[in-house]
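K.L.:
So you can see what is in the structure, the chains are spelled out below.
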Amino acid sequence: MRKAFVKSLYEAALADEKILLITGDLGYGVLDIFEKNLPNQFINAGIAEQSMMSLAAGYASTGHRVFVYSIGNFPTIRCLEQIRNDVCFMENNVTIVAVGAGYSYGSQGYSHHALEDISIMRSLPNMKIMIPMDPQDAVDSTSYILSQEGPSYLRIGKDGEPNFESRIERCSINKFKEIRNGSHGTILFTGSIGKNVVRAAESLLAMGIEVSVAGCTNLSFLDSEYLEQAAAKGPILTVEEHATPGGFGSLILEYFAVNGEFPKINILGAARNNLKNIGSQEYLLELNGLSSENIKIQFAALL
Amino acid sequence: MIENKSSIELSRKSRIDIVKMTFHANASHSGSSLSSIDILSVLYFSIVDLEKIKTLDITRDVIIMSKGHAAAALYSVLVNTGLMDRELIGAYCDDGSLIGGHVTSSVPSIELSTGSLGHGFPYGVGIAISKKRNNHSGNVIIVMSDGECDEGTTWESALLASHFKLNNLIVIIDRNRLQSLRGTEETLALEPLLKKWESFGWDAHEIDGHDHLEIAQAVSRRGSNPKVLIANTVKGKGVSYMENTVLWHYKAPNEEELLLAIKEINES
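Quick note, the sequences are listed as chains A and B, same order.
The first sequence begins at 15 in my numbering and counts up by one.
The second sequence begins at -3 in my numbering and counts up by one.
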């Protein structure tokens, strides 16, 4: 996902000199192409995230489109007030790119686990939130962001995620992307946790339960048509590699609280009672309730 | 062109507007506004091209008022130079007002809303880098408080500006030596402040922040490094009973105090 994003931004930057990429001294081996070939469109701001974010906003205020690249919590929570005041309130064209969503950097410890960023970004005014589910989606999200004005947040995983081959079609970024279709209910997800959701759906099928699976990329534009069809069909489970307060599931709950009737629904996210545990992404997903097995159990419990 | 007589007249009018505004709104920060008003008056009268600011010309000098709590000072100077309608300051802090107690960018000539300290400087660094990379003339001038030197972003930005050799960036520190509860040296000592900036690779100068000619000359000199002017000022300058007291960081004048303030300013 990370390489797909950088490649698509690089291609856009070749054609548009107004694009600037700022890194907070991260992206070893990934951003070299920018630094080497487009030095006038690249800044390494050092390890100074707060100033980096205000600097990005100031640069953008001169008519440029600025992407700020760093890991997990560094370009988000570390410089939250700079995002709130200088980017969002001033409506500057700054896109925050946080790589290492969820437990992508699992073995690096809690400082590197991104579990609260969606909630915090969702609470900011004027902020568009894009969470691609696979590399192709990261490319589509980048194109979408480039077609829009104002602040945005792009939350991406790491490298090596496969594209969802089974996806029916590459539909509009504003539509939920249905990967499987079933008549007994729906599992909605955001981000790269989709692979565990698909495995859970396969296990459910072995139990005779046919479940639809759909991913949401643009959290700032909910596909109400899909949500209403899903609610009419059966129970809904939401899944995110993120804590539940204020996250993706919370967004869906807010939708149903305001629009129409509540379906039978549960929201599944990362438990935070094992914060000090270290391990691989797969290990931490399992430990904190996001294994395909637990997704299966949680959906079955809704029937 | 440096015409310090007229900038002195501008600062006198603006001082009166400041005390009227804080009286009207029962608002704080009279002292902070009065200490920085001479700096702002010189910048807007003698340094910048007002037409370029009006038209938001990409080659304009960009002034960022990073000490957002001295909003009354900025608003009054903008009104007295024709960059903002007088009606707006008549409604300072009122319900539905476009301008509040901290700098609010509701009019185009105000580049950035501030109020939380340590934001204006890095924002200005971004603009200064953009100007350099895109060959746009004009300087970026940041007016900040001495208390703002407590913020980590001040020193991050000092590193950044020096690293990127931003000789189109000027930081003016309103060195009134008082912050929110006590003096700066009792709170979180800044001295030797000039040496700190010099060691960060800046052209650093101490000036009298109430001497218009000295301010104008110091701003106009351009070297090869970013420049900081430590402008020694008196908090509350121009109103005797407001000078050098923390009380007038907070207190608004009552009617009697307002009339006395206007009298003193007019007679100065």
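There could be a bad hint or two in this list.
[As the list claims (entries may be wrong)] Ranges of calculated distance between the beta carbons of each label pair, as one might list FRET restraints:
#, chain 1, residue 1, chain 2, residue 2, range
1, A, S294, B, K48, 55 to 61 Å
2, A, S137, B, G86, 43 to 49 Å
3, A, S294, B, D146, 37 to 43 Å
4, A, I61, B, R217, 29 to 35 Å
5, A, I292, B, H159, 34 to 40 Å
6, B, N22, A, K247, 30 to 36 Å
7, B, D90, A, N280, 25 to 31 Å
8, B, D81, A, E239, 28 to 34 Å
No lab work stands behind these hints: they were computed from the structure.
Backbone N, C-alpha and C define an ideal beta-carbon position, used for all residues, glycine too.
K.L.:
Holds or violated: 37 to 43 Å for the Cβ distance of S294(A) and D146(B)?
P.N.:
holds (42 Å)
K.L.:
I want to verify a distance hint. Is the separation of the beta carbons of S294(A) and K48(B) within 55 to 61 Å?
P.N.:
Since S294(A) and K48(B) have Cβ atoms about 57 Å apart, the given range 55 to 61 Å holds.
K.L.:
Should the hint that I61(A) and R217(B) are 29 to 35 Å apart at their CB atoms be regarded as holding?
P.N.:
At roughly 33 Å between Cβ atoms, R217(B) and I61(A) fall inside 29 to 35 Å, so the hint holds.
K.L.:
Starting from the range 43 to 49 Å, see whether the pair S137(A) and G86(B) falls in it by beta-carbon distance.
P.N.:
With Cβ atoms ~35 Å apart, the hint is violated.
K.L.:
Taking the beta carbons of I292(A) and H159(B), is their distance inside 34 to 40 Å?
P.N.:
holds (35 Å)
K.L.:
Given the hint of 30 to 36 Å, is the C-beta distance from N22(B) to K247(A) inside that range or not?
P.N.:
Hint violated: Cβ distance 59 Å, outside 30 to 36 Å.
K.L.:
Honestly, do D90(B) and N280(A) meet the 25 to 31 Å range at C-beta?
P.N.:
49 Å Cβ-Cβ, so the 25 to 31 Å window is violated.
K.L.:
Could you see if the CB distance from D81(B) to E239(A) stays within 28 to 34 Å?
P.N.:
violated (47 Å)
Of the numbered hints listed earlier, those contradicted by the structure are 2, 6, 7, 8.
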